[in-house]
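Visitor: Sequence:
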Amino acid sequence: MKKMGYLISISMFVMNILQAQLPFTFKQVAHINNGGFATDIAIASDSLVFLANGEDGLRAYKYNGTVFINTAHIDDGGQATGVAIGPENVLFLANGDDGLRAYTYDGASFTNTAHIDEGGYALSADITTNGTVLLANGEYGLRAYAYDGNAFTNTAHVNNGGLASDVKFTPDGTLFLANGDDGLRAYTYDGNSFTNTAHVNDSSPFGGRAVTVSTDGTVMLANGDLGLWAYTLDGTSFTNAASMERIGFAADVTTMPDGTIFVAISQFIGGDINGILALDYDGSTFSKKAEIYFDDDTPRGIAVTSEGIVLLANGYDGLFAFSYSNASEDTEPLPYTFSQIHHFEESGHVAFDPDGTIFIVDNEAGLRAYNDGNFSTALAQIDVNGIPGDIDVGGDGTIFLTIYDDGLRAYEFDGASFVITAYIKEKNNSFRGLAAGPDSTVFTTHGFEGMQAYQYTGSSFLKTAYFQDPGFGLYDVTVDARGTIFTTHGSIILGDSNYDGLRAFRYTGDSLIVKAHVDNIDYTENWADGIEVSVSDDGMIYLANVPDAIRVFQYEESAFNNTAHIQSMGVTFGVAMAADETTFLANGPALG
Numbered sequence: 107m108k109k110m111g112y113l114i115s116i117s118m119f120v121m122n123i124l125q126a127q128l129p130f131t132f133k134q135v136a137h138i139n140n141g142g143f144a145t146d147i148a149i150a151s152d153s154l155v156f157l158a159n160g161e162d163g164l165r166a167y168k169y170n171g172t173v174f175i176n177t178a179h180i181d182d183g184g185q186a187t188g189v190a191i192g193p194e195n196v197l198f199l200a201n202g203d204d205g206l207r208a209y210t211y212d213g214a215s216f217t218n219t220a221h222i223d224e225g226g227y228a229l230s231a232d233i234t235t236n237g238t239v240l241l242a243n244g245e246y247g248l249r250a251y252a253y254d255g256n257a258f259t260n261t262a263h264v265n266n267g268g269l270a271s272d273v274k275f276t277p278d279g280t281l282f283l284a285n286g287d288d289g290l291r292a293y294t295y296d297g298n299s300f301t302n303t304a305h306v307n308d309s310s311p312f313g314g315r316a317v318t319v320s321t322d323g324t325v326m327l328a329n330g331d332l333g334l335w336a337y338t339l340d341g342t343s344f345t346n347a348a349s350m351e352r353i354g355f356a357a358d359v360t361t362m363p364d365g366t367i368f369v370a371i372s373q374f375i376g377g378d379i380n381g382i383l384a385l386d387y388d389g390s391t392f393s394k395k396a397e398i399y400f401d402d403d404t405p406r407g408i409a410v411t412s413e414g415i416v417l418l419a420n421g422y423d424g425l426f427a428f429s430y431s432n433a434s435e436d437t438e439p440l441p442y443t444f445s446q447i448h449h450f451e452e453s454g455h456v457a458f459d460p461d462g463t464i465f466i467v468d469n470e471a472g473l474r475a476y477n478d479g480n481f482s483t484a485l486a487q488i489d490v491n492g493i494p495g496d497i498d499v500g501g502d503g504t505i506f507l508t509i510y511d512d513g514l515r516a517y518e519f520d521g522a523s524f525v526i527t528a529y530i531k532e533k534n535n536s537f538r539g540l541a542a543g544p545d546s547t548v549f550t551t552h553g554f555e556g557m558q559a560y561q562y563t564g565s566s567f568l569k570t571a572y573f574q575d576p577g578f579g580l581y582d583v584t585v586d587a588r589g590t591i592f593t594t595h596g597s598i599i600l601g602d603s604n605y606d607g608l609r610a611f612r613y614t615g616d617s618l619i620v621k622a623h624v625d626n627i628d629y630t631e632n633w634a635d636g637i638e639v640s641v642s643d644d645g646m647i648y649l650a651n652v653p654d655a656i657r658v659f660q661y662e663e664s665a666f667n668n669t670a671h672i673q674s675m676g677v678t679f680g681v682a683m684a685a686d687e688t689t690f691l692a693n694g695p696a697l698g
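Residue numbers are given in my numbering: position 214 of the sequence shown equals residue 320, and the series is strictly consecutive.
One or more hints might be untrue.
[Said to hold, decoys possible] Derived EDC-like pairs: lysine to aspartate or glutamate, alpha-carbon spacing no greater than 20 Å straight-line:
1. 569 x 555
2. 394 x 340
3. 621 x 663
4. 621 x 586
5. 569 x 662
6. 274 x 296
7. 274 x 308
8. 569 x 520
9. 274 x 340
10. 394 x 364
11. 531 x 518
12. 133 x 386
13. 569 x 616
14. 168 x 152
15. 569 x 545
16. 395 x 364
17. 531 x 502
18. 274 x 212
19. 531 x 555
20. 531 x 520
21. 274 x 245
22. 569 x 663
23. 274 x 322
24. 168 x 181
25. 168 x 644
26. 531 x 489
27. 168 x 203
28. 395 x 461
29. 133 x 296
[Unchecked claim] Label pairs and their computed distance ranges (CB to CB):
30. 520 x 643: 46 to 54 Å
31. 565 x 401: 54 to 62 Å
32. 422 x 153: 21 to 29 Å
33. 345 x 664: 58 to 66 Å
34. 172 x 422: 45 to 53 Å
35. 413 x 263: 16 to 24 Å
36. 223 x 413: 19 to 27 Å
37. 484 x 644: 38 to 46 Å
Read the hints as simulated data drawn from the structure, not as lab findings.
Here a beta-carbon is modelled for each residue, glycine too, at the ideal position from N, C-alpha and C.
When you get a sec, could you build the whole thing from the sequences and use the hints?
Guide: In structure tokens, the structure reads:
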């Protein structure tokens with residue numbers, strides 16, 4: 107049943123992203139963080155996204171325009187630093203001091219089909235038109251490998267010094283190598299050896315980080331602390347056509363078919379800002395089109411989908427998606443607006459029954475029912491003679507209410523009046539959350555005193571299970587259509603350090619069993635994670651997570667999968683879902 111927790115009458119939006127007035131804008135549209143250190147991105151033709159995720163290995167995500175869904179993960183050791191997609195969608199992973207690996211992907215899992223490690227530190231991989239795998243291998247230079255589906259064979263190697271950081275193959279057969287302290291090199295490959303055809307070094311010791319080639323053949327070098335550089339190649343030499351310095355540490359660069367250049371700016375080495383730049387290039391100068399900066403994190407890899415969504419591998423903060431659009435489009439009104447239809451002086455709890463009747467309970471006026479759309483006249487009202495805790499409505503329309511200093515009650519509503527049908531007094535006066543489950547079961551949470559389950563018979567409550575003294579606080583609770591119970595373990599009280607994330611429970615009829623727990627959720631000092639939880643009709647779990655804003659999880663069997671996260675929406679205390687899956691958030695300041 108849909109319900110909404112405390113109504114917060116004050117909203118406050120906290121902006122942690124700075125953005126200048128430029129002709130185009132970036133907007134964050136999705137985020138996921140499964141740990142690791144997000145470094146490089148490869149995009150399949152069907153918008154399947156592969157992420158090289160540092161010591162966490164390799165991950166696959168589906169991106170549906172709103173959220174990332176993690177579909178596969180593998181970690182064979184090493185440090186996943188670069189990923190490329192080869193023929194038949196074979197994935198090639200540059201895996202740090204573990205060398206090079208090949209994987210197949212079946213939609214749900216990875217299979218490691220080949221591995222080779224010839225020393226060095228594998229940083230980047232790319233594929234030629236005939237399927238040869240190119241590996242930028244750090245201090246060991248550039249290598250070429252044949253792959254037969256089961257093993258790699260080294261077919262060529264060259265080391266001209268520097269730190270081979272990124273390699274790109276172009277259709278005319280030229281290879282470009284961003285080469286660390288050594289700048290930029292061009293090579294040809296004849297199947298047995300490399301020939302160095304051109305070299306330029308406009309780099310510092312921290313330059314030569316990444317390279318790409320635009321549609322007009324211009325070579326773009328992300329040159330570390332020296333910014334972005336553009337070169338033309340006449341076959342035997344490079345000419346520097348433009349540079350844009352003082353933009354921060356240029357960690358990666360990619361381009362769109364229309365020539366737009368995207369640069370990942372990082373604090374990785376020597377930088378003092380983090381973000382993304384969008385640039386135009388006219389053959390001799392760069393001009394800025396859009397920018398977005400972050401307070402922290404370390405952007406490393408950048409890629410663009412066929413739909414123009416910009417993906418960012420953002421170090422310890424995971425994978426992000428940004429829309430990129432004309433700024434004038436962002437000044438148009440939003441498709442929907444809020445209009446206040448009524449204001450209640452006392453904050454309280456709200457629940458809805460299947461026919462749309464709205465039930466509100468608060469300290470001042472007790473329990474009321476409305477269905478006129480403007481809350482002008484209550485259909486019914488009853489005093490509750492106590493401090494109301496939480497409210498929910500069962501599948502048969504029974505209204506369940508906890509009274510903080512009294513116990514649990516059940517009411518029937520006939521359209522004109524409330525009738526109390528059951529009551530159980532509890533010595534435990536720390537009622538926090540309430541959820542009506544299937545088969546007339548009711549679950550209540552009690553902070554550090556645990557969780558209880560009751561069977562409602564129509565005229566009484568029978569306590570059937572008690573999860574006692576868990577060692578963590580249980581606050582909000584909800585139940586999905588399968589009967590899985592989800593509880594939060596945070597607090598809205600400023601300075602309360604009792605936070606422990608989100609849990610899933612199974613109810614057996616006489617016991618409550620923990621099935622899953624997730625607590626890899628960001629929080630800051632004096633702020634507790636996991637305040638309120640709601641489940642959508644499609645089974646997605648929405649967690650209001652205070653300064654960490656809103657997170658979305660999938661739950662399968664005994665594990666949570668964090669599929670989406672938006673952090674720049676304010677301080678989120680409550681979340682509720684409409685029938686059409688519109689998500690409503692209650693944002694406000696700390697209470698305490």
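Visitor: Work down the list of hints and note, for each, if the structure agrees.
Guide: Okay, the hints, checked on the actual structure:
1. 569 x 555: Within the cut-off at roughly 15 Å; holds.
2. 394 x 340: violated (27 Å)
3. 621 x 663: holds (8 Å)
4. 621 x 586: holds (14 Å)
5. 569 x 662: violated (28 Å)
6. 274 x 296: holds (16 Å)
7. 274 x 308: holds (19 Å)
8. 569 x 520: violated (27 Å)
9. 274 x 340: holds (17 Å)
10. 394 x 364: holds (15 Å)
11. 531 x 518: holds (19 Å)
12. 133 x 386: holds (19 Å)
13. 569 x 616: holds (9 Å)
14. 168 x 152: holds (9 Å)
15. 569 x 545: holds (14 Å)
16. 395 x 364: holds (13 Å)
17. 531 x 502: Violated, at roughly 23 Å.
18. 274 x 212: violated (27 Å)
19. 531 x 555: holds (16 Å)
20. 531 x 520: Judged against 20 Å, a Cα distance of about 25 Å means the pair is violated.
21. 274 x 245: At roughly 18 Å apart (the allowed maximum being 20 Å), residue 245 and residue 274 satisfy the hint.
22. 569 x 663: violated (26 Å)
23. 274 x 322: holds (15 Å)
24. 168 x 181: Holds, at roughly 19 Å.
25. 168 x 644: Holds. Residue 168 to residue 644 sits at ~17 Å (cutoff 20 Å).
26. 531 x 489: holds (17 Å)
27. 168 x 203: violated (28 Å)
28. 395 x 461: violated (51 Å)
29. 133 x 296: Roughly 44 Å between the alpha carbons, so the hint for residue 133 and residue 296 is violated.
30. 520 x 643: 46 to 54 Å: Between residue 520 and residue 643, where Cβ atoms are some 28 Å apart, the hint is violated.
31. 565 x 401: 54 to 62 Å: holds (57 Å)
32. 422 x 153: 21 to 29 Å: holds (25 Å)
33. 345 x 664: 58 to 66 Å: holds (60 Å)
34. 172 x 422: 45 to 53 Å: violated (24 Å)
35. 413 x 263: 16 to 24 Å: violated (39 Å)
36. 223 x 413: 19 to 27 Å: violated (37 Å)
37. 484 x 644: 38 to 46 Å: violated (34 Å)
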